[in-house]
Amino acid sequence: MRITVTVDGTTYTDEVEPRQLLVHYLRETIGKVGTVIGCDTSNCGACTVHLDGQSVKSCSVLAVQVDGSEITTVEGLARDGRLHPVQQAFHDNHALQCGFCTPGMIMQSIDLLAENPDPDENAVRHGLEGNLCRCTGYQNIVRAVRDAAHKMRPGAGPDAERVEHSPSHAVGGE
Amino acid sequence: MIPSAFDYTAPSTVDEAVRALADAGEDAKVIAGGQSLIPVLRMRLAAPTKLIDLGRIGELRGIREDGDTLVIGAMTTHHDVQRDPQVAEHALLLKVATDTVADPQVRHRGTLGGAVAHADPAGDLLAPVLALDAELVLHGLDGRRTVAARDFFVDYFTTALRPDELLVEVRVPRHTGWSAHYEKFSRVAQAWSIVAVAATVRAEGGTIAEARVALTNMSSVPVRAHAVEQALVGQPATAEAIKAAAQHAAEGTSPSTDSNADTAYRQHLARVLTSRALTAAVGA
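If you read the sequences in order, they're chains A and B.
In terms of my numbering, the first sequence has 80 at position 80, counting the first letter as 1, and numbering is strictly consecutive.
In terms of my numbering, the second sequence has 1249 at position 249, counting the first letter as 1, and numbering is strictly consecutive.
Please note that the accuracy of each hint is not assured.
[Claimed, not checked] Some chain B residues judged to face chain A by a derived CB distance under 7 Å, without partners named: (1) Met1001; (2) Ala1020; (3) Ala1022; (4) Gln1035; (5) Ile1038; (6) Arg1061; (7) Thr1100; (8) Gln1105; (9) Ala1191.
Hint data in this document are derived by calculation from the structure and do not stem from the laboratory.
Backbone N, C-alpha and C define an ideal beta-carbon position, used for all residues, glycine too.
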């Protein structure tokens, strides 16, 4: 089936099999390997992306279901070589050890901050309950999200992710 | 893992979807939010030949009031149920239970109708739907019919839905001003409830006028704790009175034994969690 989808500001049209998962489309068809696959059970959240402004686990969405939609991955967050404030806060607060959960953690943190611009520790932990860190580095992740919240006031949101659409396929990333 | 190959169609109206379902035969599967189905497809625990996706049917989304009834479209997401002011006002139990479903990403995609039609006995929305005396509107080739929640859930993952029928609406009688709590017990944050209790109460002054209590995962279907409900009527809304009534919670149940809990432990949990749920609901 043919789908047209905008990913990180670039519009793609591709033939996909109905059974292709969104995460496989992102990684294998258009090369957005910043979004990773961490489990086979939908538990870990490493593959979290934004679908029309809301966080989803891209292992639990079919590529055919996003026809006509807009997707933001972790690769679409930085602007002109500058990290998104949540990315910067993860860096500043050492909120990653092995780093595998980080793309999903960052995408879900941005979703959380869009709904709740100033979450307390408990709200951060609940907001990230769908994301697992096997290094158990949660303390610094919570710190990073609260740090980002303070730096981003009045909050992140779809506007913070909006980018100018480029006319053709991006090849080879940044 | 990668699912088995299947055909896919995404109709834009309920009538088209029902027709597609009838034409596709018994190996077709309806996909709502997909948050239970896609993991199952991925693990190849199911291999339907065709998926009929309800995601493009606008008429199945949204919440409206119809007299004394709140009408929730089957494809309304958990996220939208959580944030709808009408649900909070007239069906608080459904809101507080939905708050506990899975995680934010899943709640953005998962739907009330999908969860109800899937009928997983450990699912968290069956007991609230049963406790609130909801009705399910089913749409098939011959038109619509309405089934009470108590008649809808038949067995593990089995409902009164006929092969050509879709669940299109969940109709919840207004429980305006009722307090509510959903108390679940699970091993870790992301696990299914071993047992959970949905409780909603209407109090007058300090006295319980009416109560509805339903249990998750105490049977192959959600069950009402009628003996608890009856014991509470006219009682003071105190922790002591609630604890006494909650002793009836497991009456008539024979929950299964599995690696998480045996029958006696589940019955113990039902009593303890019923007490906790009611206490939280009335703020005792």
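Evaluated hints:
Interface restraint check: Met1001 of chain B against chain A, minimum CB-CB distance 6 Å, threshold 7 Å, status holds. Nearest Cβ of chain A to the Cβ of Ala1020 of chain B: about 14 Å, over the 7 Å cut. The hint is violated. A distance limit of 7 Å between C-beta atoms decides the matter here; for Ala1022 of chain B the minimum to chain A is near 20 Å, and the interface restraint is violated. Given hint, Gln1035 of chain B at the interface with chain A, holds; its Cβ is 6 Å from that chain's nearest Cβ, closer than 7 Å.
Below 7 Å, beta-carbon pairs count as interface contacts, and Ile1038 of chain B has one with chain A at about 5 Å; its hint therefore holds. Evaluation of the Arg1061 of chain B hint against chain A yields a violated restraint, the C-beta minimum of about 14 Å exceeding 7 Å. Taking 7 Å as the C-beta cut-off, the interface hint given for Thr1100 of chain B is violated, the closest approach to chain A being about 10 Å. Interface hint status for Gln1105 of chain B: upheld, as the beta-carbon distance to the closest one in chain A is roughly 5 Å, under 7 Å.
The interface hint given for Ala1191 of chain B is violated, since its Cβ lies 10 Å from the closest Cβ of chain A, which is over the 7 Å cut-off.
Figure legend: structure checked against the earlier numbered hints; hints not met, in rising order: 2, 3, 6, 7 and 9.
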